[in-house]
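S.K.: The listed protein sequences derive, respectively, from chains D and B. Using my numbering, you'd call the opening residue of the first sequence number 1 and step up by one each time. Using my numbering, you'd call the opening residue of the second sequence number 1001 and step up by one each time.
No lab work stands behind these hints, which were simulated from the structure alone. Treat the hints with caution; some may be incorrect.
Claimed, not checked - Simulated crosslink set (SDA-like; lysine to any residue; CA at most 20 Å straight-line):
1) B:K1137 x B:S1450
2) B:K1137 x B:L1424
3) B:K1278 x B:A1087
4) D:K83 x B:K1278
5) D:K83 x B:V1389
6) D:K83 x B:L1424
7) D:K83 x B:V1221
8) B:K1284 x B:M1341
9) D:K83 x B:V1416
10) D:K83 x B:H1217
11) B:K1282 x B:R1243
12) B:K1137 x B:M1341
13) B:K1237 x B:L1369
14) D:K83 x B:P1382
15) D:K83 x B:V1385
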Amino acid sequence: MPWRDIAVATVMLVIAVAAFRESWNMPIFGGQNLTAPGLFPMITAAAIGLLALTVLIRRIPEVLGWRPMRPEAPEEEIGSVTKVIICTLITAGAVALMRPAGFIVAGMFATAGLMLAGLGRRPNLPEGALILGVALILPVVMHWVFTQIFLTPLP
Amino acid sequence: MTVLDYAAGLFTPYYIALMAISTLGGIIVGLLPGITVTMSVGLLVGLTFGMPPLDALIVLTCVFVGGIYGGSQSAILINVPGSPAAAATALEGHMMCKTGRAGQAIGFATISSGIGTVFGALVLFAVAPMIAEFALKFSAWEYFLLAVLGMAISAALCGRSMALGLIGAFLGVMIALVGMDSVWGYQRFTYGYTDLAAGFSFIPAMIGLFGLAEVLHALSVRAGQPLADKVGRVSTKVADYWRYRMAILRANVIGVIIGALPGVGADIAAWVSYGSNKQMSKEKDQYGKGTPEGVVSAETANNAAVGGTYIPMLTLGIPGDAVTAVILGGMVLHGLRPGPMFFLESPQYFTIIPTIMVVSAVFLVVFGLMMARVTPRILGVPAWVLFPVVVLLAIVGSFAVNNRIFDVWVMFAFGVLGWGMRALAIPTPPLVLGMILGPMADAEFRRALSASHGSLEPLFTRPLSLMLIVALILTILASTGALRMLIERFSRKTE
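Please model the entire structure based on the sequences and the hints provided.
M.R.: What follows is the structure in structure tokens.
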């Protein structure tokens, strides 16, 4: 957990510095320009940076053994990261397919891919038939329902 | 029109049917692990856009009420809460299920949820108008401080570390600042992309954060199977509720108060109620062994919190939790503006919303008890079959808000962000609150500075501002343990 906190804090520090620098290029001060758009992002970025430094100051001594680590609550199981990556890629692929190929094709790709990834093994015959059936029918039905009843202009 | 006229207007066959269907829908989505109430409400905001505002509000509120309760059934049967709010219910409820009392557990959960919902609705009806009148005294400085205080409370209560919670909150503020500035029209952090000129759309972001993220998590962990194929009798005795009357009362009060705290919500309310009642119970030794009092404590509180979350949302424009944050976004889409002026502009909603909740509570009890025998079959559907449906709904729901593919990519990005935050144990409610309150804090801060010609003096000379600053300092001290140290030191000195 301390290493995770250090990683998060470091990333946030980098984001804070980048945002602060970007805000510096916006109009901030100048006579009555305390209402300028750059002021609040600059304050927010500074706050993030300071908080990230606080986390680093607390956690680095714990990792180096200079200070005892405080007991932490038990962590939640995060499951299979490989599966999450696969599902993320499938979802991203489906979203990318929406414009060129339309919602139905993208939906078929997402449904089949996610069902296979969620199953996590080669499907047997009934499971394969279920995956094929759901992947073919579900996007078509959804497209009809949302375009005809809810009047959503799906591609 | 009088208060009774506003309430009576809801008792038409159309609205009653709408409330019934929406509550039932909420129960079903609530009991399915991986489909969160926030995500369901987020999808519905986009889909109900074409409905009149009252109809949309009925759907969203009833799904909220039903969804918070629905998670208890899966918590009891498979020890996997359908919604985070039912996590405390799982402790005693699943133990009751293991000892052959699944029906009784569901009965207690159902009736308690109904009681909690009605209590929360009554408090909302009584208290919200008073708070709304008080809020009219607020100036821009107080709104700014209220926004900061809301984020601080959420960060303090929602996570293991206030620093990480506040980082999440300020990150949410930063995300909300992307786009065209509301005062100058200046493009902030858009880097020339026209899609970013309007900023990140809130509803797709919420669908991603609470929908796709949840699906990614649920697909990667092994789901349970229902422990009970059959659920026995769900009836409970009135004498049991009289026996647990003090627990019910405490749970109601805790639920409403915690629900009213910005960004906290029903799940924390359930845990605090469970913990408090466990401490104060005469049957302390029964906790952990399947005591109905534990189920009653958790379920009463989490549904009472529903009414509580609406209080700051309607009166101050500050959502009590992630679901009301999404509902707030939906109300704004329908032209309603929750906040201090809402009571003056649309007073009817301060009667209509509690009435919707009370009617929804009645349907919750009826459908909840009827569904108990069907639930094991519903929960038997494997996650890998169900979740692609959810992902497609998330894609459609995100697209439907503004008819842009860009919003679907926003949903995707926030989904990955939400899963990452969960994996790193960083709480998401502060991020949500930052996204809602950030623009408000920005606009009010600049308005306040403009009115005071750049002077910060009103911040410290206005009594209301000073009160809020003291509350902010106390929140920070309490969450860091410094307040407890100060109190202990003071006690030792006085001894």
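S.K.: So, for every hint listed, does it hold in this structure?
M.R.: Here is what the structure says about each hint:
no., hint, verdict
1, B:K1137 x B:S1450, "holds (19 Å)"
2, B:K1137 x B:L1424, "violated (41 Å)"
3, B:K1278 x B:A1087, "holds (16 Å)"
4, D:K83 x B:K1278, "violated (39 Å)"
5, D:K83 x B:V1389, "holds (18 Å)"
6, D:K83 x B:L1424, "holds (17 Å)"
7, D:K83 x B:V1221, "holds (9 Å)"
8, B:K1284 x B:M1341, "violated (47 Å)"
9, D:K83 x B:V1416, "holds (13 Å)"
10, D:K83 x B:H1217, "holds (9 Å)"
11, B:K1282 x B:R1243, "holds (11 Å)"
12, B:K1137 x B:M1341, "holds (11 Å)"
13, B:K1237 x B:L1369, "holds (14 Å)"
14, D:K83 x B:P1382, "holds (16 Å)"
15, D:K83 x B:V1385, "holds (15 Å)"
Hint compliance for this structure: hints 2, 4 and 8 are not met, and every other hint is.
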